[in-house]
Structure formats: C-alpha cells, structure tokens
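J.: First to last, the sequence lines map onto chains A, B and C. Once you know that position 289 of the first sequence is 289 in this note's numbering, the rest is easy, because the numbers rise by one and skip nothing. Once you know that position 260 of the second sequence is 260 in this note's numbering, the rest is easy, because the numbers rise by one and skip nothing. Once you know that position 289 of the third sequence is 289 in this note's numbering, the rest is easy, because the numbers rise by one and skip nothing.
These are computed hints drawn from the structure, not numbers from a lab. It cannot be assumed that every hint is accurate.
[To be verified] With a Cα cut of at most 27 Å, we get these calculated DSSO-like pairs of lysine-lysine:
no., chain 1, residue 1, chain 2, residue 2
1, C, 119, C, 92
2, C, 304, A, 192
3, A, 224, A, 192
4, C, 95, A, 324
5, B, 267, C, 95
6, C, 42, A, 206
7, C, 138, A, 516
8, C, 138, A, 324
9, A, 516, C, 95
10, C, 92, A, 192
11, C, 42, A, 192
12, C, 92, A, 324
[Claimed, not checked] Under 10 Å between C-beta atoms, here's a sample of chain A residues computed to sit facing chain B:
no., residue
13, 69
14, 71
15, 303
16, 321
17, 324
[What the hints assert, rightly or not] Pair ranges (Cβ atoms, derived):
no., chain 1, residue 1, chain 2, residue 2, range
18, C, 156, A, 224, 41 to 47 Å
19, A, 403, C, 267, 32 to 38 Å
20, A, 159, C, 52, 30 to 36 Å
21, C, 298, A, 195, 51 to 57 Å
22, A, 488, C, 167, 53 to 59 Å
23, A, 6, C, 301, 40 to 46 Å
24, A, 202, C, 52, 14 to 20 Å
25, A, 470, B, 56, 46 to 52 Å
26, A, 507, C, 74, 45 to 51 Å
For glycine and all other residues, C-beta sits at the position ideal for the given N, C-alpha and C.
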Amino acid sequence: MLRITGGTVHDPANGVLGVVQDVCIADGRIVPKVEGGRSIDATGMVVFPGGVDVHTHVAGAAMNFARGITPENYRRAIRFIQTPDRRAGLGGITPTTFATGYMYAGMGWTTVNEAAVPILSARHTHEEMHDIPILDKSSLVLMANNEIVLDLLEAGEVERARQVVAWLIWAAKAYGVKAVNPGGIVAWKSGKNAGALSEPVEGYRKVTPGRIISGLAGIIDDLKLPHPLHLHCNNLGIPGNVGTTLETMKVLEGRRAHLAHLQFHAYGGDGWGTLRSEATALAEAFNARTNLTADAGAILFGDAMTVTADGPWEHVLHQLSGRKWSNVDVENETGCGIVPYTYKERSLVNAVQWAVGLELLLLIDDPWRIFLTTDHPNGGGFWRYPELIRLLRDADYRRECLKRLPPKALERMVLPDLDRQYSVSEIAIITSAGPARALGLSRKGHLGVGADADLALYEEKPAAGRMFEYPRYVIKAGEIVVEEGEIRAVTQGREFIARPAFDEQIEAYLRPLFEKVYTMSFDNYAVELERLAQPDIHPCRP
Amino acid sequence: MPTLTLREQPNVPLEAESLSPDVMAGLGLDAIRALPVYLGKRQRRVDEFFEVAGTTGDALEIRGDARKVKWIGRGMTGGRIRVTGNAGMHLGAGMKGGAIEVSGDVGDWLGAEMSGGRIRVGGNAGGQVGAACRGSLVGMSGGTILIGGTAGLEVGMRMKRGIIVVGGRARDFAGLEMLGGTILLGSGAELRTGAWISRGTIISLQPIPLLPTFSYACTYNPTFLRLYARHLSTLGVSLPHDERDGAYQRYTGDAAVPGRGEILVWKPRDS
Amino acid sequence: MGGKVTCTLGEVKNRADFIVYWGGNPAECHPRHFSKYTLTQKGRFVPEGRKGRTMVLVDIRETPSGRAADIFLQLRPGKDFEVLTTLRALLKNQKVDEASVAETGLTLAVLQDLVDRMKRARFGVLFFGMGISMTRGKHMNSAAILRLAAELNAFTKFVCMPMRGHGNVTGSDMVLRWTTGYPFGVSMSRGYPRFNPGEFSTVDLLVRGDNDAALILGADPGATMPQPGIDHLARIPTIVLDPKVTHTSRLARVHITTAATGISAPGTVYRMDEVPLPLRPILKSPYPTDADVIQRIRQAVAAKPAWTPAPTARIANA
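Excised from the complex, chain A in its bound form (with noise of 0.2 Å):
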C-alpha cells in the first residue's frame, strides 16, 4: 500500500492537469483510498502516469542482431554492475535485456510496445521479454511481406486471409499487427523495391501496396484488435515521399491506422541536394484524419542505430553512408537490415530530419494523436527522450540548436518559425496518455481508480524539460522501483497478447502450405502461451 502526498498531478485522460491531489495504490492498482502502508511527501514533485512508449525495437531477433555487430559500442555504454539483487547488463544504442529495463524504469517509462516482430522468431522475443525487467510490454507482428497473406490478398481470399492473419497473431503470441514497407520487403528478396502504392508488387499481378494496407486494416478493424495497423509506410526516408505518406492517408479513409515514426516519411525535394521538410503540408493533413494516430520518430544527433525490417532502404543507407550494413532475408514473412548510423549537426540532410521531427510534433494539433517517439534506436537512444521533451518545451532552447545548424538548412524548413511551447500535461499526453488509448490498454496511461499503478514522480524544476531527466521516484504495479537514481526493486511485468477469434479449421489450410514453403515442422511454429512470464490476455471482443 503507497500514498503519494502533495504531489502536482497531471492525468489528462481524466481532466486533471496539473492539480495538487494524492495518489493512493494498493494491491498494484490506483485506488480511491488507503489506510497504513507507505507514504511519499510528493511537495514539489510532478506526478505522471509511467511513460508508455508506442513505438520501439527492444526484444528479439533483429536486435540480437544488431547487438552482435557492433561490440565496440558497448565499450562506451552505461554498465550496470552486477548486484545480488540485480543483473548486470550494458546500455549503449543497442541495451541488453536487463539495462533495458533499468533504463526504461529510471527514465519513468513502465510500458512498451516492441514494433516488430517475426512470426518466426516470436518464440524469441518472448524469451527476451522474459530477461527485461520491471515493464510491462506488448508486441507487434509483421505481415505486410508475409506471402501466406499475400497470395490470399491476390486471389481475393479476403475472409481466408482474415483468418490466417488471427491464426497468426495467436501463433506468435502478439497483441497487434506490423506493415513495414508493404510488397517492398517481398521485392527485396529479388533485390529489389516497392515504390507506387497502385503498382503490383514484385511477383504478383494483382496485389498492390495500396491494397496490402487498406486490405490489412480492414481485417485488423474486423478482428476488433485493441491497436490499429501499424504502419512504418514505403519509401521511408527517401527525399519526396511526403507524397507517398499523403497517397497512404487517402488509401487508410475509413479505417483507423497508426502511422509509425512519421518524421522519415515527411521529405520533400528530389535527391539528397534538395531534401526539405514536408512537415507542413503533412501535418496539415493528419490534422484533418481524425482516424490516424502517429508516432513522431525524431532524430537526435549523435550515434544511432537504424534497425528495420526495412532491408532495401538499409541497403541505401549502407551505399550512401559507407557504414557497416547487415541483413537478414525471413523465409515468406519479413526482412531486417541494420546499419549504424551517426546524425551530425552540420549534415544539410540530418539538420531537415532534426527539423521535422520536432514541426510534426509541434503542427500537429492534438496531442492525443502524436506520440513521442525516436523509432529507438533508429533515430536516437530512448534515453534521450528528455531531450525531446526539452525542445518541445523550451522555444528559446530551440532556437539555441538552430543556430548551431548549416545556414542553407535553415531554408529547408519551418522550425525557426514555431513559437509553441508544450505545457506538462500536454508532455503527459504524448508520452503516456495518448499512446495508452491508442494502444488500446485501458488501465494504463492515466492515474484513475482502477489503473495500474505505474507512476513516475519528477522535481518541479524551474527550468522546461529538464525536469524530465531524473524521476524522484518510479511506481510499477504499486511497488517502488526507483528511488533517487537507485533501482530499489527488479519486478517482472507483463506482457499484453490479443486473442482473436478464428476458425480452428483454418490449420488444415495452413498446415500443408507451411510445410511446403517453410523448413520447420508446423507444430512447431506456434509459440505456447505457457512460454510467456504473465500474459494479459485482450480477448478481441466487440
């Protein structure tokens, strides 16, 4: 049991911004009151619901991957030293599994959600899941490459393809589903791209891009899955293709969708000489579709990590930048491409993405449908967050950065031009509230009676945004797992996995077709719910 007194708390979900209030817990919920138990003098502190991240690459194959490739950056990363009560582990761009958790904890996030999974290696994530303590977490599985899917898409099996897609999910164990560059990753196994949304896709006549996305979302809005698609759209990061994120917005009328690091689709220009923001006219538009949600996906400068299933633009990257470049090509499902990647002041290129991740999350106008996010670790480390939070808050601070960028970027944007300032409860929308309604986990991302008890406490600081770098106290599930930079307790979250309904006779479809095109047994492709450490189970139900 846990009082937290005299604390500012903000809990926008329920209109509360910014009022001077206690927070009782117990039993790992928030509750209405509480007798005994410890209490936190809050005076002085701001109170949040824990950080909920939509968007991120913590868990599983393609992040062991990156892992194994750059063992020199570990020697530069935070070490957490090994206790009786604690693992060890390293930071960096690329965290293990334990300094993942501590350092999601320690920043004041308690949820999140891995963005792309192989149904594959899903058996994999869960067993890294397994190693990150203290967050809860959830999962998307990729399936805008899948051929099974595809081929039903092509020859119009809309309701087949409906039931395999929840055969899938189920199979893997996740809560939702992932398109990341639709027919482009098929394409790339014969060395090629998708590019047009209304061209078919390499090697098939009918399926196009277009069709996978509305196609997908129409089958994940029929399954009642608690998140919309999630959609990393083609062309990611290619100078114009602000037109294609628009054409992909008209494709999505009707259907809701979640648009993933909005910031690498937001180009305009040509080539690489004249890539310029395209965030205006962007977000101009989002505006407008009020069944979209985004995540911003910024870039900070310094060393990153791009790691996506997006293998032909990490094939780009590695030509353009000459930097190490990995791949993995995933029979019928998916692809992977890495590629370290450091973003430099006084690149024109990297001052525009600098740019426009920030005029998204300042022009779009309503919090609740743009999430703070740098697509970790492509566009920075998540532990960087409060930096984000920083420029968001502080104009000044802002327009400090901008002086530091090349004269001839300046032109290539409109940042220089934005006075919005984010208040701290609107900080609280686009790092918790808001990612928690979208992401459909109703007790999370807001402090009423009833929800998880996942909190993080910040020093009211006069100075905007900084106050977010050190939490005073971090709650998860009611107990206390930071207090003043310590870990005080490794917990072990949940993980959120969505059921829903198909036909059980759609495995003897799937079963020959699997064995035919696959090189496992298909009873060993499901991963088994015993595997999971604490599932939460959403049933799907309308």
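Chains B and C: place on chain A using the hints.
T.: Frame of chain A, contents of chains B and C only:
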C-alpha cells in the same frame, strides 16, 4: 620515482590500471599501496602483490615478471613507466602521451588504440600491437611503438597514424586493414601482411609472401625514407635507404578493397 | 563483425539457385542439409528443385559432399583467405597477380569464372564450415567470406551463413548476446560484461592457465583442447554437467549427470540461421536438468558470505 617490485605472482590475471603516472601523480607511497588492483573478481590492494618503495614522482618503475599484470599505463597522458621484467596484456592501451619502457616481453594488445606517447619493448610482444579493439573501426592514431623482439598476429590492425617498429619476425596479418601510418618489419613477417590495407606504408627488411591482390610497382629509393631513417635513428632504429646498399621493391594494394597502401621490401645490392 | 548479410534457411529452399559450400562437409556433418534446405527441395521459386540449382563445393580435399556438387574447387590447405581476397578484387575488376593466385591451387581463370557465375546468380548462398573458421586465419577467414557475400549484393542477392553445429552453440550465442551484449568470450569479473576473444575465450584462458576454476556444461574440452589446456583443467577444480561421463569428466573434480536436453529436458534450440525451435522431451530421466543443477548451485552460492564483484569505480585519472 616509486618502485613496485612484484613479490607475489598472481595465480589469475591481475588488472592494474592503477599502475599509471596519471593515477599515481601526487600520491604518497601509502596511498599508492592502497590503490585497487583486481585479481579476477576480487578487489585487492597494490601492496598485496607489490613491494612499494622509492619516492613519489611522475615516473613509475615496476620490477619482476609481471606477465599476468594487465592494463599497466592504460590511457596515460604523460610521465614514464619503466618495467624491468615482463608486462601483461593491454600495456599502454589508449595511451595519449608519456613513455613506457619494458626490458622483457609484453602480452597482446600493446598500445591498442593509443593516440600519442612512446612505448619501447626490449623483448617480444604479443598480437594486436597498436590495433583497434574488436569491432572498432580505428586502431592506433598516433605515437610510436618500438619492439626489439618478435610480435604476434594483427600488428597495427586498422591503425590510422603513428609508427610501429618490430625488430624480430611478426606473425600473420601485420598491417591488417591499415588506414595510415607506418609499420617497419625488421625481420619480415609470416602470411598476409597488409591484408585489406586502405592507406599506409609497410616496410619490410626481409622478403615476405604477399597476397595475390598486391601488384609490383617498381624498385626505387623513395625520398621520404631518408627523412624516416633520420627520425628512426633518433629512436635507435636503423633503416637502410642508401642506394649504394640497395633499393625497395614497391607493391601496391590491397586490390580487394581497393586500397592505396604500399609495401616496401628491401632488396640489398648484389642479391 | 564487419556486418553480415544472411537469411533464414527457408529463403534458401525457396529461392537459392547458386549454393557454395566452403570448408565444410554437409553430407557428413549436416546430413539433412541438402534434402531439407538447399538442394533437392522444390522451392517456391525453384520449382525444378535440384535441376534449378548449381552447387559448388570448395575444400582442400574431396569429401562425400563432392558427390552432390556440380563444381568442385580444390584449393591448397591454408589458402582460403588468399582465394577469398582475390575473389573480392575480381568482383571489383581489379588486377591480381596471376602467379600468386595459382599458388592457391586454383587458377585465375577458375576464380574469374566463379565470380562471373556468382554475379549471374538470382540468389546465391555461401555456407561456410570449420575449414574456414578453424584454419589459419580463423575469424579473418570468416570475415572474408562474409565480406564477399555483402559485396556481391551490388550485383545480385547473395547471403552467407555459418554451418554451425555442436548442439545449441547458436542458442548460447543468442542468449549471451541479449544478456551481455556479446556472443562468447565474455568476462564478468569486473561486475559487468567485457568481451575480448583471445583474452577471455575458453581455449586461450585454459592454455594460459588464466582461470582457477571451471564449470563445463554441454561441452567436452578435455577431448578437444590443446594439451596445456587439458592439463590446466586437470589441475584446477573442474565441475562437469553432462548426460554422459566425458573426457573432461574423467579429469574433473566433480561430475554431475544431468538429463539430456531435447530428449528428457525441455528448452529452446536455435538453428544455424538463428530460428528458435522448441524442444519437447519425450523420455523421462532420473537425472536433474542442467537448469535445476545450476539453480541449486546458485542458491548454495547465495547462502555463502556476501561478496560483490569488484566495484569498477572510479580510480581517479585511470
């Protein structure tokens, strides 16, 4: 200068980054005795392994067969270390300035990723002299390493700048993925010298086997070698260069990269 | 570590039309490789099966795998690095020394032909075995073949995969990577993970005698290590966990018989392409599992007087 005499041979490697002029500067002998060293997983004191005597100063003397003592002189920025005996792995790793002198042998990773200073080893060195750490893109970026005896694998791997001199024979992969700088092989090397070199100069005073991706360019007496020879003679290293004594066969490579490195092989007159 | 371009085995089955086995003998060491993954299967995009694929075997001697090969290239022992480096140069239309190439046992013409065939492939795969990873050059041989595959992607799809074997070595690599950041050769002596092959890898530690105790699980170094390493294992307290009494058991202080994983104990195994597979035990065993034994050892250690790993704090100016 404080003198540390090894009196207790560690049964497992002793990690002793405390043994550095930077760390010891301004410390009295009692403070030096209390400095931490790491025997496997346990923290110990310097004086559990070393007799500490002498005076304080910015020069440090170590005596004994310290072949299991690792990380001596790590990251030092100035001052001197003299080892009368042997030293273990990572001697002078990341060094930025100052001088280290060893009468005997040293372990692997001598001067790895150093950026300045001078290391002189009378005996043999291990592998990865002046090299990049595993996965790291760049090795030694400055400074001088002089080895009287032999050296192991991957001498100067991914070095960018600086000079490495090996008096005895080096093993495979000397100059692997070199980015710049100079390696002088007094007694040649085994296989795959200069593999995947981008830039830099490897000088061998003995014939060495070369990869098929190296092409013979010419035989000549490069002018710059006269300057090098003068510089090296101040370090006590003699580099033949006079056309009366012989000439260098120049090979360029590695075509696999393709790189613009060079290997100069000394060809004495009348041979 | 310079990057890796690879795929899962199903991609090979469905797409590969050009397969190179280098320094390995799959017919004997991975006996179902050809039939399950690489040659005889009718793939989604290789419906003709075997007829739609070309297999090249590169080795120092002909092995039973040669019977399945369309092309056998016999190179001299210890020349893999030279050949791979030459191939990298030929791929870039660079000049190489013909006489020097011939010393590898393969001529320039043969290597040029190989490069041309690789470039013309629709989807090529380089599988490499211990003939690459364990012969002179070791990790540089592996780096060379990985680099070649990556560079071939400027022309066509090409991937590279190590032919891993020996039980769940891939699984141990995976778990070590996600928990420590490093695949092997990890030291925890300073309380956090450090990596340095040659310093912390098993054979080097044992040969130099750098450790004063050993716990051996799922391996038999007493059979495979150089003699100084074996002698060291015999000198120090060595503990072995294994379903069988092994060579190492015979020189160990303690041998604990454990249930055979996959037969009597559950778990997960990671295939050579890093795909996880569940292990479903089918027989009961009277012996505890490895996991049980390790847990009990940990509990016993935890009950001993507390110590913490050497705190790596702050030596001023270090």
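J.: Could you run down the list of hints and mark each one as holding or not?
T.: Now for the hints, and whether the structure bears them out:
| no. | hint | in the structure |
| --- | --- | --- |
| 1 | 119(C) / 92(C) | holds, 11 Å |
| 2 | 304(C) / 192(A) | violated, 60 Å |
| 3 | 224(A) / 192(A) | violated, 34 Å |
| 4 | 95(C) / 324(A) | holds, 25 Å |
| 5 | 267(B) / 95(C) | holds, 24 Å |
| 6 | 42(C) / 206(A) | holds, 25 Å |
| 7 | 138(C) / 516(A) | violated, 37 Å |
| 8 | 138(C) / 324(A) | holds, 20 Å |
| 9 | 516(A) / 95(C) | violated, 45 Å |
| 10 | 92(C) / 192(A) | holds, 22 Å |
| 11 | 42(C) / 192(A) | holds, 23 Å |
| 12 | 92(C) / 324(A) | holds, 18 Å |
| 13 | 69 | holds, 8 Å |
| 14 | 71 | holds, 4 Å |
| 15 | 303 | violated, 13 Å |
| 16 | 321 | violated, 13 Å |
| 17 | 324 | holds, 9 Å |
| 18 | 156(C) / 224(A): 41 to 47 Å | holds, 44 Å |
| 19 | 403(A) / 267(C): 32 to 38 Å | violated, 57 Å |
| 20 | 159(A) / 52(C): 30 to 36 Å | holds, 34 Å |
| 21 | 298(C) / 195(A): 51 to 57 Å | holds, 55 Å |
| 22 | 488(A) / 167(C): 53 to 59 Å | violated, 40 Å |
| 23 | 6(A) / 301(C): 40 to 46 Å | holds, 44 Å |
| 24 | 202(A) / 52(C): 14 to 20 Å | holds, 19 Å |
| 25 | 470(A) / 56(B): 46 to 52 Å | violated, 40 Å |
| 26 | 507(A) / 74(C): 45 to 51 Å | holds, 49 Å |
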